[in-house]
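Novice: One letter stands for each residue in the lines below.
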Amino acid sequence: MIEAHGLAKRYGSKTAVDNISFTVQPGRVTGFLGPNGAGKSTTMRMIMGLDRPTAGTVTVNGRPYARHARPLAEVGALLEAKAVHSGRSAFNHLRALAATHGIPQQRVHDVIELTGLESVARKRVGGFSLGMGQRLGIAAALIGDPKTLILDEPVNGLDPEGVIWVRNLAKRLAADGRTVFLSSHLMSEVALTADHVLVIGRGRILADTSVEDLIAASERKHVRVRSPQAGDLASLLAQKDAVVTTLEPGVLEITGPDAASVGELAAAARIVLHELTPIRSTLEEAYMSLTADSVEYRSEDSRQGTTPPAAGGASTGEPVAVGTTPSAAGAQATAVEGSDR
Amino acid sequence: MSTAIAAEPAAAAPSSAVTVKNVTFGRLLRSEWIKLWSLRSTWWTLASTAVVLIVGAVGFSALIYFITKEAGAEELGMMGLSGPGALVWGYPVASLVVAVLGCMVITGEYGTGMIRSTFASAPRRLDAFAAKGVVLALVAASLTTLSLAIAWAVTLPLLPEAAAVDLTDGADLRVLYGTVMYVTLLALIAYGLGALIRHTAGAIFTVAAIFLVLPTVFNVALIGASRYEWIGTIYKFLPDVAGSQITSAGPSQAAMLAEFAGVEMLDPWVGIGVLALYTAAVLTAGAVRLKRSDP
Numbered sequence: 001m002i003e004a005h006g007l008a009k010r011y012g013s014k015t016a017v018d019n020i021s022f023t024v025q026p027g028r029v030t031g032f033l034g035p036n037g038a039g040k041s042t043t044m045r046m047i048m049g050l051d052r053p054t055a056g057t058v059t060v061n062g063r064p065y066a067r068h069a070r071p072l073a074e075v076g077a078l079l080e081a082k083a084v085h086s087g088r089s090a091f092n093h094l095r096a097l098a099a100t101h102g103i104p105q106q107r108v109h110d111v112i113e114l115t116g117l118e119s120v121a122r123k124r125v126g127g128f129s130l131g132m133g134q135r136l137g138i139a140a141a142l143i144g145d146p147k148t149l150i151l152d153e154p155v156n157g158l159d160p161e162g163v164i165w166v167r168n169l170a171k172r173l174a175a176d177g178r179t180v181f182l183s184s185h186l187m188s189e190v191a192l193t194a195d196h197v198l199v200i201g202r203g204r205i206l207a208d209t210s211v212e213d214l215i216a217a218s219e220r221k222h223v224r225v226r227s228p229q230a231g232d233l234a235s236l237l238a239q240k241d242a243v244v245t246t247l248e249p250g251v252l253e254i255t256g257p258d259a260a261s262v263g264e265l266a267a268a269a270r271i272v273l274h275e276l277t278p279i280r281s282t283l284e285e286a287y288m289s290l291t292a293d294s295v296e297y298r299s300e301d302s303r304q305g306t307t308p309p310a311a312g313g314a315s316t317g318e319p320v321a322v323g324t325t326p327s328a329a330g331a332q333a334t335a336v337e338g339s340d341r
Numbered sequence: 001m002s003t004a005i006a007a008e009p010a011a012a013a014p015s016s017a018v019t020v021k022n023v024t025f026g027r028l029l030r031s032e033w034i035k036l037w038s039l040r041s042t043w044w045t046l047a048s049t050a051v052v053l054i055v056g057a058v059g060f061s062a063l064i065y066f067i068t069k070e071a072g073a074e075e076l077g078m079m080g081l082s083g084p085g086a087l088v089w090g091y092p093v094a095s096l097v098v099a100v101l102g103c104m105v106i107t108g109e110y111g112t113g114m115i116r117s118t119f120a121s122a123p124r125r126l127d128a129f130a131a132k133g134v135v136l137a138l139v140a141a142s143l144t145t146l147s148l149a150i151a152w153a154v155t156l157p158l159l160p161e162a163a164a165v166d167l168t169d170g171a172d173l174r175v176l177y178g179t180v181m182y183v184t185l186l187a188l189i190a191y192g193l194g195a196l197i198r199h200t201a202g203a204i205f206t207v208a209a210i211f212l213v214l215p216t217v218f219n220v221a222l223i224g225a226s227r228y229e230w231i232g233t234i235y236k237f238l239p240d241v242a243g244s245q246i247t248s249a250g251p252s253q254a255a256m257l258a259e260f261a262g263v264e265m266l267d268p269w270v271g272i273g274v275l276a277l278y279t280a281a282v283l284t285a286g287a288v289r290l291k292r293s294d295p
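Chains as they are written, first to last, in UniProt numbering: chain A, 1 to 341; chain B, 1 to 295.
Simulated from the structure, these hints should not be mistaken for laboratory data. Keep in mind that a hint or two might mislead.
Claimed, not checked - Which residues of chain A face chain B? A few of them, derived with a C-beta cut under 8 Å, are:
no. : residue
1   : 71
2   : 87
3   : 247
4   : 251
Idealized CB from N, CA, C, for every residue including glycine.
Work the whole structure out from these sequences, hints included.
Specialist: Here you go:
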């Protein structure tokens, strides 16, 4: 279990983490989701006692990390690939870490095998690919068989097989009753791996919820209708308490009733429909709408996004948020289901 | 990515299956020992140190041998040559090589990010810092002792009686263990500077500036401006000048120069004490920075 209270980190005038409080529970995978530069890595380093918080406290399994007699048995962390001396072999790196806690050499061999590093274990880490570096970092995190695992962007640089392996590993560890805290800037990754999610943006927690609830809460369901009698349909729908937006002449976006109800209503009123499309926003869109105003580095593409801003979300009314969400990428990902033809 | 993937990630064994003991200072020493010897740079620097010490001793002893043979033993005293002096002849270079190692054991960790793994496994940072320092000091002292012992053995047949090293003689012996002390303190002061500066090149440059450049500059100043007394005062308190008094049986080169300038050098034991104080100060500063600022 990880508990943070009023945790903050400032570098001069820049605030990396802004007074956040959260609890990461054992027995499930908790995703830590946010755009690059949102404060994920800083938070994780503060949990490990590497960065000193400007304010607040954070404890792991009841006490600050440095107060544990056997810290590697409490927390294993992959903080970044290659927090390793490049001149040392993977085997010797793990052996040196194990020695601090009197962990037998057999465990070193076990984690090397578990992470599939056997063939390169005796080679110097300087020549490792990013993926191999990640595996070594995971091996180091596992060496003390810890109750809590902190994995900062664990799938970075891994091949597809490796990505699936990390997902399964995280789930297995959580199923054992361990606390697994895993960061990513990819919503899809967190959705596939995590049960619970903390969303962070610009150093603040934007959401602390189950993955399902996050999707449900930010999901926008609506129906797009194209009809030569759009005006008649709109007034009809308005009587039924549906929210109707005219996107362009002849095209309506309807929030409230589902596609079947709209279709039946139109049929009963003998209104001709040229299109009837249920539209669901995706998880990516939910994430985009949450973090839209907290993205530090924005691509030209998303800055000029022409799609209207998502409803709801965590818009704080800052000027930068206006008209910028969802990005082009988000719009592309919009799922169009069951087009009625 | 050619590595095979364990098809089924073995279920993490229950905690009881893996022996994990408390972090103790002894275990930190063991870890630092493994770290030190698992880097090639350690082997290179330590091998160079031994070679410089032993080859220097043999070369200088051979010089003494030929001078004695050609000009007689009386010449040795006039030229300021002695057996102990021959044995430790290579120490100024050897100590700088050990100092490079002293810097690298800590700056190498900052440079590569290893320091975060170190502090994650040993969150009481000062313990880790101390363990690293103890291992470094032990290795530097042992290697210097061993090299001098080998140098003594191989130069036995070369050194004439007049320049023999008498291990029962207090002054001769002091040169040898004095050199061990000097090299060890230099390794530690370099280690402290490494912890302060956190950058390999910067730390090595600083060590070289303090132990090579400063004494040289003051040498020139002493000769050129000997009427300024304060130059002499600073000179004899320079880390290198103070600490190296213990490494010569007779008056050292620096002492002869100082005498010419009218400066009285520190007593060898006071001198090495001064170097030890500098070392303690630098290590303390390094420890404070290590404890206070994020790696």
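Novice: Determine for every hint whether it applies to the structure shown.
Specialist: Hint check:
1. Taken as an interface hint, residue 71(A) checks out: its beta carbon lies about 5 Å from the nearest beta carbon of chain B, inside 8 Å.
2. Using the Cβ-Cβ criterion of 8 Å, the hint placing residue 87(A) at the interface with chain B is satisfied: the shortest such distance is roughly 5 Å.
3. Annotation: interface hint on residue 247(A) violated; nearest CB of chain B at approximately 46 Å, more than 8 Å.
4. Nearest Cβ of chain B to the Cβ of residue 251(A): about 48 Å, over the 8 Å cut. The hint is violated.
Hints 3 and 4, counting from the list given before, are not met by this structure.
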